[in-house]
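Q: Chain by chain, the residues run as shown.
Protein chains: 6
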Amino acid sequence: MAGWLPSLITETPEAGFDLAIKLARMGVKKTQPSDEVRARLRGIYEIDAGALIASSQVVAVNFQTIAAANGYWR
Amino acid sequence: MAGWLPSLITETPEAGFDLAIKLARMGVKKTQPSDEVRARLRGIYEIDAGALIASSQVVAVNFQTIAAANGYWR
Amino acid sequence: MAGWLPSLITETPEAGFDLAIKLARMGVKKTQPSDEVRARLRGIYEIDAGALIASSQVVAVNFQTIAAANGYWR
Amino acid sequence: MAGWLPSLITETPEAGFDLAIKLARMGVKKTQPSDEVRARLRGIYEIDAGALIASSQVVAVNFQTIAAANGYWR
Amino acid sequence: MAGWLPSLITETPEAGFDLAIKLARMGVKKTQPSDEVRARLRGIYEIDAGALIASSQVVAVNFQTIAAANGYWR
Amino acid sequence: MAGWLPSLITETPEAGFDLAIKLARMGVKKTQPSDEVRARLRGIYEIDAGALIASSQVVAVNFQTIAAANGYWR
Chain A
1 MAGWLPSLIT
11 ETPEAGFDLA
21 IKLARMGVKK
31 TQPSDEVRAR
41 LRGIYEIDAG
51 ALIASSQVVA
61 VNFQTIAAAN
71 GYWR
Chain B
1 MAGWLPSLIT
11 ETPEAGFDLA
21 IKLARMGVKK
31 TQPSDEVRAR
41 LRGIYEIDAG
51 ALIASSQVVA
61 VNFQTIAAAN
71 GYWR
Chain C
1 MAGWLPSLIT
11 ETPEAGFDLA
21 IKLARMGVKK
31 TQPSDEVRAR
41 LRGIYEIDAG
51 ALIASSQVVA
61 VNFQTIAAAN
71 GYWR
Chain D
1 MAGWLPSLIT
11 ETPEAGFDLA
21 IKLARMGVKK
31 TQPSDEVRAR
41 LRGIYEIDAG
51 ALIASSQVVA
61 VNFQTIAAAN
71 GYWR
Chain E
1 MAGWLPSLIT
11 ETPEAGFDLA
21 IKLARMGVKK
31 TQPSDEVRAR
41 LRGIYEIDAG
51 ALIASSQVVA
61 VNFQTIAAAN
71 GYWR
Chain F
1 MAGWLPSLIT
11 ETPEAGFDLA
21 IKLARMGVKK
31 TQPSDEVRAR
41 LRGIYEIDAG
51 ALIASSQVVA
61 VNFQTIAAAN
71 GYWR
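Chains as they are written, first to last, in this note's numbering: chain A, 1 to 74; chain B, 1 to 74; chain C, 1 to 74; chain D, 1 to 74; chain E, 1 to 74; chain F, 1 to 74.
So that you can see chain A by itself, here it is in the shape it has in the complex (with noise of 0.2 Å):
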């Protein structure tokens, strides 16, 4: 079985880039892993520019990972 992180091989950046975000949510959805939870929170921090900006650093650091395992897609 596959499971949700078979890989952090993709075939290009942008598909990397996508992994990035899933392996951010990811480190939220472990610690918390109420779907109702997460979402009345959503509906708080997407409106909060810090939380955005926080949010894409993690995206930043999970991309510079993926973008490593892939070689930078060159």
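Hints were generated in silico from the structure; no laboratory data involved.
There's no promise every hint is true.
No copy is singled out in the list; a pair is fine if it fits within one copy or between any two copies.
Here are the computed lysine to aspartate or glutamate pairs in the DMTMM-like style, where the Cα-Cα straight-line distance is at most 20 Å [unchecked claim]:
#1 K22 x E46
#2 K30 x D48
#3 K30 x D18
#4 K29 x E14
#5 K22 x E36
#6 K29 x D18
#7 K30 x E14
#8 K29 x E46
The structure presented is a predicted model; accordingly, all values stated were derived computationally and were not measured.
Once you've looked at the hints, dock chains B, C, D, E and F against the given chain A.
A: For chains B, C, D, E and F alone, coordinates are given in the frame of chain A:
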């Protein structure tokens, strides 16, 4: 189709920095897709020193990735 | 004796992500060893968007380490 | 034309550190292009310990990139 | 004389994680050398979720350094 | 003339850690050059747990750079 991120390779460091900014903004946009909401939030954080410094931090992490991808344009 | 961290090597990326979460929690536990206090704090931060995003950031940094250790499971 | 970032290569570590600061400031400037607004904000954050530490963090990440680009000036 | 940091090399990942914690604490101690003040602050931040997560982040960055130094104990 | 940062190379890990602290402080000093203002701010943040942890984070990032520069003193 190329999409928004066809490659991490840029001709110059300056173009790489601009791409780092694009990645940082895309990290926000993927969480808050509404152009209208993001425009409103922008009005707030662009006059908030802490938010601007945090934004620059996200750009710095993304630039690290892009610079590595480009062999530091040496 | 193996202890809590016998190795950074995991069979799959998914197991590596789980190990990254374990490292993040151990980083907290080493500063606050009381199970009771941590359980109480968990009740607070698991409904706090900022804290959840910050947790995901710690996981992201640890995952970067573990992914590198595993040659990105290529 | 050279632009503001012709190269990541510097002659000395010290010049590399100055370039890291330039990148950090450019990360802010690209989000807030108004010299007047940035000057006003500067008056606030240059007497705010948290903002100064956060600024130093951005410089540190950029310096990491530049130091790697320069083979650590070894 | 060995001092407090004779080497980044440790026998096991677990010892490496403990060293990462030591580095994180030393980073605080060098700015606030008073044992008494640090003990007082510890009473505050060890029951503050945000501070504990931030501490875990510092440990994660230091562990990244130590893991690389040890070739990831492979 | 050597300036304040003649090299990233140090004889020992401990000297490398001290250099990381120097870089962190220089990152602040370049934004707030006034010794008097920095001394005043220091009186505030050296008794603030969050600021001390954030400082330790900046040191950790700089130490990562310096450790890599020194081949981890292996």
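Q: Against each hint, give a clear statement of whether it holds in the structure.
A: Right, here's what the structure says about each hint:
no. : hint      : verdict
1   : K22 x E46 : both (16 Å within a copy, 19 Å between copies)
2   : K30 x D48 : between (22 Å within a copy, 14 Å between copies)
3   : K30 x D18 : both (18 Å within a copy, 9 Å between copies)
4   : K29 x E14 : between (23 Å within a copy, 14 Å between copies)
5   : K22 x E36 : within (18 Å within a copy, 24 Å between copies)
6   : K29 x D18 : both (16 Å within a copy, 12 Å between copies)
7   : K30 x E14 : between (24 Å within a copy, 12 Å between copies)
8   : K29 x E46 : both (16 Å within a copy, 10 Å between copies)
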